[in-house]
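Okay, here's what each chain looks like letter by letter:
Number of protein chains: 4
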Amino acid sequence: MELEQNNEIIALLEGPDRPGIVASVAGWIHGRGGNIAHADQHRDSDAGVFFQRVAWQHPTSDEGDPIADFTALAATLGMRTKVFEARHRPKIAVFVSKFDHCFHDILLRWKGGEFAGDISLVLSNHETLARATEGYGVPFYHVAVSPQRKHEAEAEQLRILREHGIELVVMARYMQILSDDFLSKSEAPVINIHHSFLPAFAGARPYHQAFRRGVKIIGATAHYATADLDEGPIIQQEVLHVNHRHGVSDLIRKGRDLEKVVLAQAVRWHLEHRILVYGNKTVVFD
Amino acid sequence: MELEQNNEIIALLEGPDRPGIVASVAGWIHGRGGNIAHADQHRDSDAGVFFQRVAWQHPTSDEGDPIADFTALAATLGMRTKVFEARHRPKIAVFVSKFDHCFHDILLRWKGGEFAGDISLVLSNHETLARATEGYGVPFYHVAVSPQRKHEAEAEQLRILREHGIELVVMARYMQILSDDFLSKSEAPVINIHHSFLPAFAGARPYHQAFRRGVKIIGATAHYATADLDEGPIIQQEVLHVNHRHGVSDLIRKGRDLEKVVLAQAVRWHLEHRILVYGNKTVVFD
Amino acid sequence: MELEQNNEIIALLEGPDRPGIVASVAGWIHGRGGNIAHADQHRDSDAGVFFQRVAWQHPTSDEGDPIADFTALAATLGMRTKVFEARHRPKIAVFVSKFDHCFHDILLRWKGGEFAGDISLVLSNHETLARATEGYGVPFYHVAVSPQRKHEAEAEQLRILREHGIELVVMARYMQILSDDFLSKSEAPVINIHHSFLPAFAGARPYHQAFRRGVKIIGATAHYATADLDEGPIIQQEVLHVNHRHGVSDLIRKGRDLEKVVLAQAVRWHLEHRILVYGNKTVVFD
Amino acid sequence: MELEQNNEIIALLEGPDRPGIVASVAGWIHGRGGNIAHADQHRDSDAGVFFQRVAWQHPTSDEGDPIADFTALAATLGMRTKVFEARHRPKIAVFVSKFDHCFHDILLRWKGGEFAGDISLVLSNHETLARATEGYGVPFYHVAVSPQRKHEAEAEQLRILREHGIELVVMARYMQILSDDFLSKSEAPVINIHHSFLPAFAGARPYHQAFRRGVKIIGATAHYATADLDEGPIIQQEVLHVNHRHGVSDLIRKGRDLEKVVLAQAVRWHLEHRILVYGNKTVVFD
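Going down the list, the protein sequences come from chains A, B, C and D.
Mapping the first sequence onto my numbering, position 206 (from 1) lands on 206, and the numbers just tick up by one.
Mapping the second sequence onto my numbering, position 170 (from 1) lands on 170, and the numbers just tick up by one.
Mapping the third sequence onto my numbering, position 123 (from 1) lands on 123, and the numbers just tick up by one.
Mapping the fourth sequence onto my numbering, position 92 (from 1) lands on 92, and the numbers just tick up by one.
For the record, the hints were derived by calculation from the structure and aren't laboratory data.
Computed from a prediction, not measured in an experiment: that's the story for all the values here.
Each hint should be verified, as a subset may be incorrect.
Because identical chains cannot be distinguished in the list, a pair is counted as satisfied if it fits within a single copy or across any two copies.
The list that follows gives simulated cross-link-like pairs (lysine-lysine, DSSO-like), each with its CA atoms no further than 30 Å apart [as the list claims (entries may be wrong)]: (1) K82 - K254; (2) K150 - K185; (3) K111 - K82; (4) K111 - K254; (5) K91 - K185; (6) K98 - K254; (7) K98 - K185; (8) K82 - K185; (9) K281 - K254; (10) K111 - K98; (11) K150 - K254; (12) K111 - K150; (13) K82 - K150; (14) K98 - K82.
Please put together the full structure from these sequences, using the hints given.
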């Protein structure tokens, strides 16, 4: 494996806490001629689990395979690890339906250089956003979904993801539930945006639920999609104040701004390898 | 009924929307020589309900009874109304258990002149805060509560409230559930502070629930207590960001700041007659 | 003047406070068969000034001219007034330079139906956003500006605004200072977005200033442009937390989200006739 | 030097960035039998400066002097360092005048166990809070300050601080400016709370300034006091939204809640050795 000059490597580690992990990791990097650019760690004292994100400049003169070697080191420390080259830009598929606010927001942020990854395709169960997608110079895939052909549709979706080598799926207000089967077969993790401050108002029409309950805040939650709907590990949440003057349509309008910001933040963190999932929670090294 | 000079009157109105309400109310006040200091209104278009808060300086030279007369006017408009003289300071009972952060906060704000009402007594199921209460120059009542004598204890509480002419009960982290029976018999409305962003994490130990779920925000909710626990009309909510570094004890500590601010805001609004309850919601004319 | 069915009229009033204004206004509307949909008011007690926004459904059967008549009524009350028909959609010119985040945001919100007005043209001192503007189906005007021909350029800008009957200019990160002369000649008010929490960091490169000072929050401010740069009446401000990890480029990126939301909010309020300017301040009836 | 069981040591390091610092520090700790509980670092790439906070459990069986030895290690790495035993609780002096909200807040938080330090005394230029201080069981010092005897008064203050071995001065709305001379002679750093979002509204009566300018947010800033008034390194800032309805007295009331929370946060961080000052900025390892 050849590395470019100033190659940055990012590693995420997780495993049983024990003395010396930080020293071993830092010592290994220093011994190979690397220089740590960023290191952050977390210890779940109750569970006895240690988490670390470490990013370093690795010398191009190293003739070994630092990724394989670092993975081996982590194994000797009893740690699970994922190692990434920062220059590799993950391929993203954006799933949409008809709502276009998160769609435009994600596409424009990508065009503006905010993401450490690239959008390879947009996939939708409607044709509404076909032309807009093409305007961004991105391939558009229409995969109709109906109760009868859901399984078939998901098989087609998985085929498209594989064909493009997709590494992250972003549900930008995609209004279909991905099945258990899809999620277990997809090699790409899936980030979803839910339009409430979960766990409040899970399920359908959360702004309507919020209006009926008379809450004084509304929110949005970005989370990894799992088989349990709206129960996946939460990545980011934001809220806004509302009051009695705001009808459902106001909540929907105000909520759009939350959804955009929260989803974009989650995608940015994921692409920068800042998120570790454990159990049903996330550690975010921001 | 005699009024002092510069007497301010505050009226809250609620009823079926129809043309001319604002004109009738404003015309009546003007006709009696009053001057409107503040008027705010809200229309629930779906339900066809109109809400208004109007505050005005009523001339002391008026020899009639403006409160009775205004109430009669409202009736002719088909509106339910509550009318208050601003100079009347409602009597407050603060219910506490052992936690003292909301207790001190409410007492100090009152001493500092933030509230348009007065604390007449503190009532607790523990003796922990007896001395601190006396330090504020406020009578302290200890009413022990146990499953066996809950009914009896509540009867005693109601007797104390009546004796003092209490007009508002503030549950400042009082760790007992007030029964249906108590709430229906109490002439004073009850404001409670719940330490989560309801409807999320209703019930016991909400910070522990929040920690387990891995949310990225925590919150506090002030609401009127009703027979349905944690389901009463929400008055105010605030939240704070948290992350994976925060353990349960951090959530509890950070949450205390939320609870204090949210509860105090709700009490302030209530005492200034800014809150109208309808159905399970509130209109807050802030 | 003919009115459509269900014609809504909005009036903004300002003038010396005195008893009976609310009653007179409400009485007049009721007398003409109108029904008040929204009324809000404010009293600056120190200055003795009264402000009101009132919106009402005016009957189409009224054969008079309600706008002229209401204006006359206000005059008899000693109030300055502006009266608008809600169905009239003001024409907007968006001024841009090279930054495109506020540009896309404003255009997409307009397309999404968030604004009670229409974008008639985009005007820029650069050609960078010409194609993107055309993609939105909006005319693009390029008016080069240089120190030498600033006066000439502004004359051309004013001519374009007049030609299109522009009623609001939105500076969506337009990187030129509009001269005193331009502002006094423009019939359309001008809303600007400044990328700091004014009055902190007025002038050029506010994110760089903020970084140097080591502040823990950054902000954005929407204000009406006046001859005194960055000193105009503030309409809306929002902030975000930052910390030592954030370099200037992070502040710029995070700030973009603030700028978009704050500018859009100010434009929305202006178009809904919710803003009254007095002295160097605003009253916003939201 | 003898250490208790489970002794935690906290070190703050700052110096020129170079490869291997993390490895050296972690290696040293591991080699001495310590276990890192928390490590965080920051790199100012422009300035080429590296900052680190590291906290570790040091074995009680170590017969050497870990503080002296670690300081020596840091010196060999070219780093300035401060090393603390976590069990040592710094002594705090709270300076107050007549306002009591921050005073009560700080004292109650201390009593509630929020601070990793202890309040040794309250010092005031007025006698207003003498009795309240005694109610908390804390010695009260009255040092009158007048333009004529400012130098003398400060000499007395410094004497009191020295006598008590004070390690942190908290200006809890102390309404006197500490002179250059005082600040250079005081061995204890001084944390001040300013009632605006600095650098806006430096100087006197910031809420009045904010009201006149018509801002839509107010704020509070905790900073280390330096010779340049209101120009010291900022530790924490928070803001609240306000609108045209809020008069100066509302800003003052709402601002009190900000001041309390912001000052307490800064004090908490300082006592936990989470703050590194460099130039006129802070790195806060929270």
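Evaluation of the provided hints:
no., hint, verdict
1, K82 - K254, "between (38 Å within a copy, 28 Å between copies)"
2, K150 - K185, "within (15 Å within a copy, 56 Å between copies)"
3, K111 - K82, "within (28 Å within a copy, 43 Å between copies)"
4, K111 - K254, "both (24 Å within a copy, 16 Å between copies)"
5, K91 - K185, "within (17 Å within a copy, 52 Å between copies)"
6, K98 - K254, "both (18 Å within a copy, 27 Å between copies)"
7, K98 - K185, "within (26 Å within a copy, 44 Å between copies)"
8, K82 - K185, "within (20 Å within a copy, 52 Å between copies)"
9, K281 - K254, "both (27 Å within a copy, 20 Å between copies)"
10, K111 - K98, "both (21 Å within a copy, 14 Å between copies)"
11, K150 - K254, "neither (32 Å within a copy, 39 Å between copies)"
12, K111 - K150, "neither (32 Å within a copy, 32 Å between copies)"
13, K82 - K150, "neither (33 Å within a copy, 57 Å between copies)"
14, K98 - K82, "neither (36 Å within a copy, 40 Å between copies)"
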